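Can you build the whole structure from these sequences, using the hints too?
In the order they appear, the protein sequences are chains A and B.
Counting from 1, one number per residue, gives the positions in the first sequence under this note's numbering.
Counting from 1, one number per residue, gives the positions in the second sequence under this note's numbering.
Hints listed in this document are in silico derivations from the structure and should not be mistaken for laboratory results.
Just so you know, these numbers come straight off a predicted model, no measurement behind them.
Treat the hints with care, since some could be wrong.
As the list claims (entries may be wrong) - Computed list of lysine-lysine pairs in DSSO-like fashion (alpha-carbon distance at most 30 Å, straight line): (1) Lys196(A) <-> Lys283(B); (2) Lys214(A) <-> Lys283(B); (3) Lys176(A) <-> Lys283(B); (4) Lys301(A) <-> Lys221(B).
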Amino acid sequence: MPFVSNRREFIRDLGLSSASLPFILNLPSLGFANQTRRKQRLVIMFSPNGVIPDNFWPKEEGETFTLKEILRPLEPFQKQMLVLHGLCDKVRGDGDNHMRGMGCLLTGIELFPGNIQGGSHTPAGWASGLSIDQEIKNFLQKDPATRTRFGSLEFGVMVPDRADTWTRMCYAGPNKPIAPIDDPYQMFAKLYGKTKDRALLASVLDEVTEDLKKVSATVSAEDRRLLEEHTTFVRDMERDLKSTATTIEHAVPTLDPGVKRENDRMPQITKMQIDLLVNSFVSDFARVATLQITNSVGQPKMRWLGINEGHHELSHEPDSNAKAVEKLTKINTWYCEQFAYLAKRLAETPEPGGAGSLLDNTLLVWTNELGKGNSHTLDNIPFVLVGGGLDFKMGRSLKFRRLPHNRLLLSLAHGFGHRIDRFGNPDFCTQGPLNLS
Amino acid sequence: MTPHSRYPLVASSVIVLLGTVTFAAEPDGAQLYKTKCASCHGPQGEGTKKYMARLEGDHSVAKLADIIQKTMPESAPGTLDDKESKAIAEYIYQAFYSRIARERNRPARIELARLTVRQYRNTIADVVGSFRAPTRIGNERGLKAEYFKGRRMRPQERVEQRIDPNIGFQFGTNAPIPDKLDPAEFCIRWTGALLVEHTGEYEFTLRTEHAARLWLNDMRKPLIDAWVKSGNDTEYRETIYLVAGRAYALQVEYTKAKQGVDDSNKNKAKPKPVASSMTLLWKLPHRSREIVPTRNLAPTSASEVYVCGVPFPADDKSYGWERGTTVSKEWDEATTEAAIDAANYIVANIDELTGIRRGGRRPNSGLGNPSQINLDGNKDEPVAKDRAAKFQAFALSFAERAYRHPLTAEQKAAIERQFTPTRDDETNLKRALLLVLKSPHFLYREVGASAESYEVAARLSFGLWDSIPDAELLSAAARGQLASPEQIARQAERMLADPRARVKLRDFLLSWLKLDEGHDLAKDTKKFPGFTEEIISDLRTSIELFLHDVVWSESSDYRQLLLSDELLLNGRLAKFYGVDLPAEADFTRVKVDAGKRAGVLTHPYLMTTFAHAGESSPIHRGVFLARGVLGLALRPPPEAVAPLAPDLHPDLTTRERVNLQTRPAQCMTCHGVINPLGFTLEQFDAVGRFRDQEKGKPIDATGTYQTRSGKVVQVNGARELAKFLASSDEAHAAFVEQMFHALVQQPVRAYGATTQAELQRKFTDSGYNMRKLAVEILTTAAPRSRQANAGR
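Encoded structure:
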């Protein structure tokens, strides 16, 4: 741990929000010695095409509120939950609302002019700034105490194989969209491929050594020296690999084989991705993750719910179409179930080497590029938060008066002790982060 | 080691050579040994009947001198004085006593060698490639171009198909085909192959105000994806590692149209025309960025190449050629990384490589763009029933090709052992592949028993291609048709047509010219304004094209390398060297400087390489001529000395300054040879321009050379030098020896005392035909095994 000169710096370096300040100061047992920093984490889950507001937002404000149909899967977590109504994506400029809804959701800044034409407005390109997950990842990676192997992981589910403003939510910088990995096998290879490969290699090195021995016997004494030298290197490697082999076996999860990336497998893929996400946290591969389910204008057909129309197509139906409203409610409830599954998995998993569960140290955010599908509004963007990662005061339904969502993005950074005073378009940051504690 | 590799050619740190110090008054150790010691110890310290023990050990010179002084000669110890003892000690130490001397005196032998790095990269590419359709490149150059109306590349909207020489278009506000395309909305697709002649990191740039993307080699994923136009960026850059002597599939798409929702019906007003351009550029290692030239583009398809880009430690090149005769931990780890990388690549592509599933890899031109091809979801496609069997069969063929011979029963069993039904097919396959790629049979040349004919095939292919035998060679080996010299020569001749052979001969010539090491060629910008990075890059291209032209000309005449009075210049070079050519001219042969040029010897690239930042360097040029072209063994400089600063001697010419500095007798041992050779090129300045004066004085380009037979040759200027070298026995011998080493990578002496002379005779008889020399070298070396050599 780096040398810290005073208490405030210590707290800042711990990466704790002001909310936890009294907590720390009142706990004398939390001395400087033997203090390992708590692992804070953030997950942002995306689902597209807006929600059905009447079936989504709790009526009440405050600590007592009733979950509407869509959010009901989160009932077990109601005490660890914040529902934030009244946050608006106020970014304007080029691009239609789907495009800005997606491209400005986590960046809070305008899209560049470009060649991608939406259903209305002027054409646009990529976002002109990085996204908050990457901002926080960069902050954590700068410090050896919070640095992890990947820093952040970008998961996807059924994201079309097409790079454009509708399919990219995360940005490493202006014009630098990050493609989510929506193939669990590819993500598995990224997380565990090297480890598995080394283990496999270890299993054939015996034969290699044997082979070298046999070959050595057939060459002259002068030439044998070269092969003998080679053999010692192979033996060294074999020894190194064997000493780590047992730890490897424990850390690597198993995946169901042969799951095809197709519409009807979407529930299975989502579960696999969530399981991998939780596993990557157990191994501390990253502290920040995003889970982008489909894309803005996403068109999954949720046949497993008995819905044969594509999601985006349905989302355009007027409020008077009761059947469509019912289906869209079901679709959003399904997304909420996935979010709840993620929360459950994290809640069931103890924090490795620490107190409580992973969920106690993780903040989950579920969001959407639109407030409502058929109006394409960027007002009242859904933001549902679960978990104790950033020490927000949970168990509340809050209603804001049309505040820019940049302020929530700021709160997320501040929750990690990253006290920036602006993020994205500075005009939307003048009031600072939302007070969520 | 040349002085240049030891000392960078930068003005502030340039070094000249000093000879070893010898004083006439000093006793001669060799002479003393002969008269006082040899009768007992033998002329080479090998011992005699009188005194059997060999004179060898680890004493220092001082210790030896002390021993000699006190104990020798046995009949009269103490009769030698200090200086005499020391002289004898120094002599025997250098000649045969020390460890280094013993190593030097060891009889040459064909050593066991692993694949060199170059061979490794080629081999792995070719083993994988052998499971794909071979790429055949015709003589046509350029790219196939398709021009489309509208925003999608639909076949029915294609208005023109043609061959474009390269991608470097300034359309302005017009349409490329004005009568057929709307200037506001059109797209173009170029397809073909990229011909790569150098191994290394390539940087590609797409330059356009609109949207474009580039696929290279891997047709599933664009290398550069700028299909979304966003903001003001107009340059998109990516790097990729490519291996020389191969063709890589290439596709570029360009669109001026908008994407996403088609709102053309809503906007009735015609948009204001905006300018557009589209350029594909590349930057080779150590070159400047340029439009990918027509000569590197072919309008034909190419199979994907597996490229191993894993970094390896450099091979030992201390003898002047790359040798795989050492191993290190870093090398072993690199082979592991590379094995894992290759195994993963193969497993990921296994259905295509085994033919279980047709590779949807290359976007079929005209049938939509690559992103629309469904490449997803190979995970639970109907599994071929015989998948496991196919994997095993693949692993066996893979091993056979990687080992370069049919498998022994034992090798076959080892592969089959990796396949068990308790593991999934991919894991089984991967184990087998890792086993093969870590096996000594793959990593080393000629280990374990295999039929001699296959070893001959491998010696041929590594000799000419630095890679494994192709199907035709293997088939010849199987039919026992690599037995006679004629059969081997016929194969070698056939193999020369392959681009990999061209790379190998080119690299040999560059190493012969000592141009294979990275030199900093930047010059003093005040003295040589306009000598830019681009000029240097063009000069490199010019000399390589010249070498190529001569080697692959009808006569392939070595002498033409020295005697040609032409230069290959493009517009940019022509301007700098004062030749009249159109600014945009591609490389053309031009006769320059009234016939005063002499092939590579005066090529501006070579002249620039062997020069200081501000002045020519007769010493560096002389060392190059002595060591490289004449094959003299000059001792490395005993001491580093900075050249005299020209500013301190403003009146002296370069020649006069060099003479002044190297005048002492101890310098002249070597500089007496070096300087008079280097002076003959003084008519070419530090950037290779012809001059007849320096500092107002006429250039003195006279020089001399004393041949090893003692004949003194007088030479005046580059042309006379070239004529002398073209007919010099010594130069021929050096060329033959160096080509042998470059191709075979074993010492020529290991192939018999007369082999080099024999090859040289054949070289002379062939009219100095370099290609025939390569064939002769392989015909001589390919039948010779290491084992046979060991028994000699």
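Here is how each hint holds up against the structure:
no. : hint                    : in the structure
1   : Lys196(A) <-> Lys283(B) : violated, 37 Å
2   : Lys214(A) <-> Lys283(B) : violated, 47 Å
3   : Lys176(A) <-> Lys283(B) : holds, 23 Å
4   : Lys301(A) <-> Lys221(B) : holds, 27 Å
Of the numbered hints stated above, those contradicted by the structure are hints 1 and 2, listed in ascending order.
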